[in-house]
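Q: Spelled out from the first residue to the last, the chains are:
Number of protein chains: 2
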Amino acid sequence: MVITKPSIPKGTRDFSPAEMVRRNYIFDTIKAVFALYGFMPIETPATENLSTLLGKYGDEGDKLLFKILNSGDFLTSAGAPLSANSDKASLQICEKGLRYDLTVPFARFVVQHQSEITLPFKRYQIQPVWRADRPQKGRYREFYQCDVDMVGSNSLVCEAELVQIVDEVFRRLDINVTLKINNRKVLAGIAEAIGAADHIVDVTVAIDKLEKIGLENVNAELQSKGLSDDAIAKLQPILLMKGDRDEKLASLSNILTNEVGQKGIEELRTLFAYIDALGLELKTELDLTLARGLNYYTGAIFEVKANDVEIGSITGGGRYDDLTGIFGLKGLSGVGISFGADRIYDVLTQLDKFPKQIAAQAKVLFANFGGDDEIYTMKVIAQFRKAGICCDLYPDAAKMKKQMAFADKQNMLFTAICGETERNAGQVTIKNMTTGEQNSLPVAEAISLVAKA
Amino acid sequence: MVITKPSIPKGTRDFSPAEMVRRNYIFDTIKAVFALYGFMPIETPATENLSTLLGKYGDEGDKLLFKILNSGDFLTSAGAPLSANSDKASLQICEKGLRYDLTVPFARFVVQHQSEITLPFKRYQIQPVWRADRPQKGRYREFYQCDVDMVGSNSLVCEAELVQIVDEVFRRLDINVTLKINNRKVLAGIAEAIGAADHIVDVTVAIDKLEKIGLENVNAELQSKGLSDDAIAKLQPILLMKGDRDEKLASLSNILTNEVGQKGIEELRTLFAYIDALGLELKTELDLTLARGLNYYTGAIFEVKANDVEIGSITGGGRYDDLTGIFGLKGLSGVGISFGADRIYDVLTQLDKFPKQIAAQAKVLFANFGGDDEIYTMKVIAQFRKAGICCDLYPDAAKMKKQMAFADKQNMLFTAICGETERNAGQVTIKNMTTGEQNSLPVAEAISLVAKA
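Listed in order, the protein sequences are those of chains R and C. Count the first sequence with my numbering and you get residues 1 to 453, in order. Count the second sequence with my numbering and you get residues 1 to 453, in order.
If you are wondering where the hints come from, they were derived from the structure by calculation, not from laboratory data. Where hints are given, some of them may not hold.
Since the list can't tell identical chains apart, any single copy or any two copies may satisfy a pair.
Taking lysine to aspartate or glutamate pairs in the DMTMM-like style, the calculated list, with each CA pair at most 20 Å apart, reads [as the list claims (entries may be wrong)]:
1) K88 with D73
2) K353 with D73
3) K409 with E116
4) K209 with E420
5) K283 with E445
6) K10 with E95
7) K209 with D244
8) K63 with E95
9) K363 with D408
10) K31 with E19
11) K379 with D276
12) K212 with D202
13) K242 with D208
Produce the complete structure using the sequences and hints provided.
A: Laid out in structure tokens, this is it:
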């Protein structure tokens, strides 16, 4: 047999026990909050039909889909000779692909199971997704998404609950964040007001750069992007807008006299009113430059930034009015956010905020002396485990030095010895590996001692 | 845009909230026991290099691997024109495949990370695997495996711990099971003793059929499989062996005078001695017909049968002496078992043994009256959630009938009303949906009432 030097595909990762417990800490925290807000878990298959995935993420997204080769004699099943064009050929020999995000599978799920679902439907989903992106620092080809969405209601109460969830998750994780909020209708209103509906992105980018490069440079850039002098002139009051959140909304309300803009302002005011009334600890701000996923969102837009770490957005989302329409179910509005587990992991690592008590290893290592001592040790361990204490038995009657070195490497809190002396006395000798303190105790007392630690 | 009728690839499944909570109940139970025994979680990527996967599962297994088409212009990257043979062509255009089980990725993990791992290494892994099997009832193309393995020790203490884990998991799940135990060395010893080393499978199948078809038919079948008269004659004492476990082991010990057979008997005796000493509730039995994965196991073989449901094995495993050898790390012995989550799910469903208290939905639905009542309701809910109670707010101020129908469909335990009366009194009206009992209470009292339910 040829020996294979082991490696994994680029852009993918193995997770060690130490990484797993930290990742699970993040997932468990997020899940607990989702459940508290009445969201329910679902899972969808890793593979979806290509017909479900293609055309949903733009041309760039289509290129980033991992396709799965049809099983069996795929060349014969292709029917016609393969196209010389790889894109076309791929569709002759692949019917399935790996899921690219959790939003499209969710929309597919809602439509496919509409007769089983009660609307409004609140679901969360925590599963990996795959993208054939060029791997780089912090960007992987397989990564988890943690999505929470509510479909079947237009109410801004849904947005308010998502804001509360952001507040609660990051309070529990002890990460100081700012939630930036915008509204797609306001952006559409601005573009309409200045007569430049095709230039929403250019306009938001310009607003974003104002502080850095100044008004004149912004106007020059807008001109170079093809905005008319008239549009640029009309944009000036928005660029020059000053004040706090409510003052900005008041100014916008004077400027954006179109229907879509007014609707967007009203939605923002309602949402901020909920936030103010609830008295959240979370820092929120109106950010008119926020424009993520323009092709897709139709109302509120959210993005969360960590305040104490230089890193991109760690959570984001928004409202989409017709996501299920692509699968034939019209008129179902939804809103959702996605927590970026990998970036949250990086933030917690940089801030050293993972709780000390989460650990991958057992609490007590029982030494192994073989023979009758081994049987006695196994019986004692069974009592410890019955009390819910995670224990490990060294499997071989190896030299004590080797066994203790193992306990050290594994960061065991305690080691336990059940030798002949202990066996005859019905005791166990427990050593606290932090303090070095050592006691021979009846088993029940030893269990209480360890349980308290 | 073309509207896609939504569907998922055959052999795959969506999991609804109701299914998810039941599946998570199984996974959480298994994980908790694994942790209690000092096993630590790892995860590996869904995709592995084909060089890692190919040749590890036999020719049949190779055919069942899902291969992932190389990204980009895969035809040009293939270098040479594609072979007209699909198997060969697939290797020109695919470098990666979906993982087929968790054992080979685990072996790859151990070798790849050997410098970071402390031996003996105890890991568990709960992740989906993919097989291009023909889908049928109870057989899926994507399904979860729950594997627990220990590598780096030959000690039968490891086998004993796995038996304890089986005992504990099925005790917690309240499934009445029998653990069948055999040893590959005993099977090898039998085959050697009768001079039919090539016919281990035929011999075990024959032993298995003895009760059903009788001795004469068994001997006829062995003859038809090509066993010599001499071999069949030598097998008779084993076929005619009577008695309980220890009597059978004693008989075997007289018959199997070869080294491998004696070693196997000794291993079985040691393992059963551990089991007897520990006084497990679990029913265990020596089953000489158990022969799963012969090509792969080298010592103990395990299989768990549910006693009260007609279904195949729900858990299985064994010892393998050189799994990491295929990746260049020789001499590392391991033993592990795999819990079949899908079959355990079916058993729990058939026996109606899922705990009643596990539920997908929130506990309380708060009605929505809009306006100031809505704000008051949101503040009251925040207090409930602070107390850890999962609550749901109906997002729209819809007709009460519609909101209550929703509460009914979602099996809410309570509904709560915070209207004008309640708001003015600082109260909430709580209705127990089971008893119909309804009370208007101060918020703190309502929280205690619901928390107790």
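Q: If a hint holds in the structure, say so; if it does not, say that too.
A: Going through the hints against the structure:
no. : hint           : result
1   : K88 with D73   : both (18 Å within a copy, 10 Å between copies)
2   : K353 with D73  : neither (52 Å within a copy, 44 Å between copies)
3   : K409 with E116 : between (51 Å within a copy, 11 Å between copies)
4   : K209 with E420 : neither (76 Å within a copy, 48 Å between copies)
5   : K283 with E445 : neither (49 Å within a copy, 31 Å between copies)
6   : K10 with E95   : between (24 Å within a copy, 11 Å between copies)
7   : K209 with D244 : within (19 Å within a copy, 83 Å between copies)
8   : K63 with E95   : both (15 Å within a copy, 17 Å between copies)
9   : K363 with D408 : within (12 Å within a copy, 45 Å between copies)
10  : K31 with E19   : both (18 Å within a copy, 16 Å between copies)
11  : K379 with D276 : between (59 Å within a copy, 11 Å between copies)
12  : K212 with D202 : within (16 Å within a copy, 80 Å between copies)
13  : K242 with D208 : within (14 Å within a copy, 85 Å between copies)
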